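> This is what each chain is made of:
2 protein chains.
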Amino acid sequence: MPELRRDPVSGRWVILSIERGKRPSDFASPSQKRKVGGFCPFCPGNEYTAPPEIVSFRPAGTPPNSPGWTLRVVPNKFPALHIHGELSKRGEGIFDMMSGIGAHEVIIEAPDHRLSLSTMSVKAVEDVLWAYYFRLTDLKKDPRFKYALVFKNEGEIAGASLEHTHSQLIALPIIPKTVQEEMKSSREYYSSKERCLFCDIIRQEIEAGKRLIYENDKYVAISPFAPRDPFETWILPKRHESKFHAPDKSFSSLAEILQTMLKRLDAVLDTPPYNFILHTSPFREEINDYYHWHIEILPRLVKRAGFEWGSGSFINPTSPEDATKFLREAIA
Amino acid sequence: MPELRRDPVSGRWVILSIERGKRPSDFASPSQKRKVGGFCPFCPGNEYTAPPEIVSFRPAGTPPNSPGWTLRVVPNKFPALHIHGELSKRGEGIFDMMSGIGAHEVIIEAPDHRLSLSTMSVKAVEDVLWAYYFRLTDLKKDPRFKYALVFKNEGEIAGASLEHTHSQLIALPIIPKTVQEEMKSSREYYSSKERCLFCDIIRQEIEAGKRLIYENDKYVAISPFAPRDPFETWILPKRHESKFHAPDKSFSSLAEILQTMLKRLDAVLDTPPYNFILHTSPFREEINDYYHWHIEILPRLVKRAGFEWGSGSFINPTSPEDATKFLREAIA
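Chains Y and V supply the protein sequences, listed in that same order. Using the working numbering, the letters of the first sequence map in sequence onto residues 679 to 1010. Using the working numbering, the letters of the second sequence map in sequence onto residues 679 to 1010.
Chain Y extracted, bound-state conformation:
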């Protein structure tokens, strides 16, 4: 019998169509292993093809926009929003609009075209997280922005137009709908219970165990109770933290659990395409008792179509309990 499950954070219902009961090998997705060859605008030596870098990690003395870097942040060459200009808001009858002000940046995570977040050194993953942190901290100062969404598209199916390992950041003059929904339900939960919804989820999952994939000293990786996608994985800090920041000035534990999970997904699903998303509190309410920042990893194994777009629900052929077993036993 299939099952309907409600995600308490977003409020969406998910259909676990478990008889379709797919095992990892049933998902025939093209492996995202790197194929080297051809011109890549993100490779060292081709820095001139991108707009000038915003931040880079490079040896002292090397000039900006030249080789030698280990990580670069550059403006997106084809930005969805523009950084220059005034934020003007207006109406058109019953409709609301504003000028398309924002920042759209690309984090080039490593110079070597053959690497991915799961194959680079854990220290390099830590640097990627530092880059997110530096950019979020900087963009927060711009009074036009209310939120910055960090996300990664890995593989063409997941929306990556370039193979070279990178993530993106879009700063927005609005709080995204998805984040607003999560804020709302966690605020309501807190106001009735005086406890953080995510803290309660973490506590329950650690006790129950059946959706607990992995934990280290500071973080936990779980299969969410109502996953949209097969093998969807969330990474959360065990202690209540409302904003993504560097606890004890270190991202080492986060880099460790993030890479461990990506390595395991690679092992179980043969280097699948995936998206990940960093959800943190909006800039103007970064410190609060009810929201709990986290990373959502969504392997792109099944198509979303009319039902998903029309309902906001999802049909998932793999239960999170099964996914947990595979990911727990995976040897990366």
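Source of the hints: derived by calculation from the structure; they are not laboratory data. Since no wrong hints were added, every one of them can be taken at face value.
Copies of the same chain look alike in the list, so a pair counts if it works inside one copy or between any two.
Calculated pairs, EDC-like style, for lysine to aspartate or glutamate (alpha carbon to alpha carbon, straight line, at most 20 Å):
hint, residue 1, residue 2
1, 824, 986
2, 941, 893
3, 888, 770
4, 767, 681
5, 855, 681
6, 855, 986
7, 824, 681
Just so it is clear, the structure is predicted and the values come from calculations on it, not from any experiment.
Model the placement of chain V on the given structure of chain Y, informed by the hints.
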């Protein structure tokens, strides 16, 4: 300069990234014209491969599940939800779940494998709408169901696993999140204005004209103010109607406008993949003053990735005003 626009119905913000200003020919999507050849379970003669038909339009005297039909509705062979069983609801700590009870049906729209909704006769399209109507009216009697979502996936990219023209229906024991959101905002709008939000949108669009694509005696086709996808098109009844039903016992005007729009999308975008969704009021509040049923057509021309999943916003490279011009001038 890009623009941020808010859809007043769903509340989602859309980024119109208009410098990317894509013309129809920039969307290289594989044409969905039919390729005949190979075994098709929906073709006449192969009725035995599907579960027994629920409804069919066929000459008097021909036995069910045999050739001769012009339209068939069958249960989905791999249903996401099960029709038999009791609807049981329970909690698991902070989580909510229920048994996966529902109906998952396939509407085989025509016997001829070469046809699509845009190339069959307009009378055949009318029959498809009648089939939706009969199934909705029937499923409504089942007290376990709160909603039935009718949708169509046209083309592999849009999620169709079989080429033979068909749509689907999923009856659910819940009201889908997307419909709930639309109900909520139209209820709020009505309670402050005593007017239907959709009626106001239609009035404004007819007056302004710049997003009005086509109208006939009873229906209007518009590009929504904040479209998720390039060439997204909505079809709405001009008069307030809260539920999809047969006005004056006829679907002829709806068939005419639906096919006209699909023909124009085919002409402008070279037979693109698309999804369409029928949004009508939930079974238990079918007659009301605030919700207005409609069809949303979403051509699948751009990929949705980390940003869309993480934000609930969309980046659309074509303004609805441009899309309107192309669709208005299209000769199908």
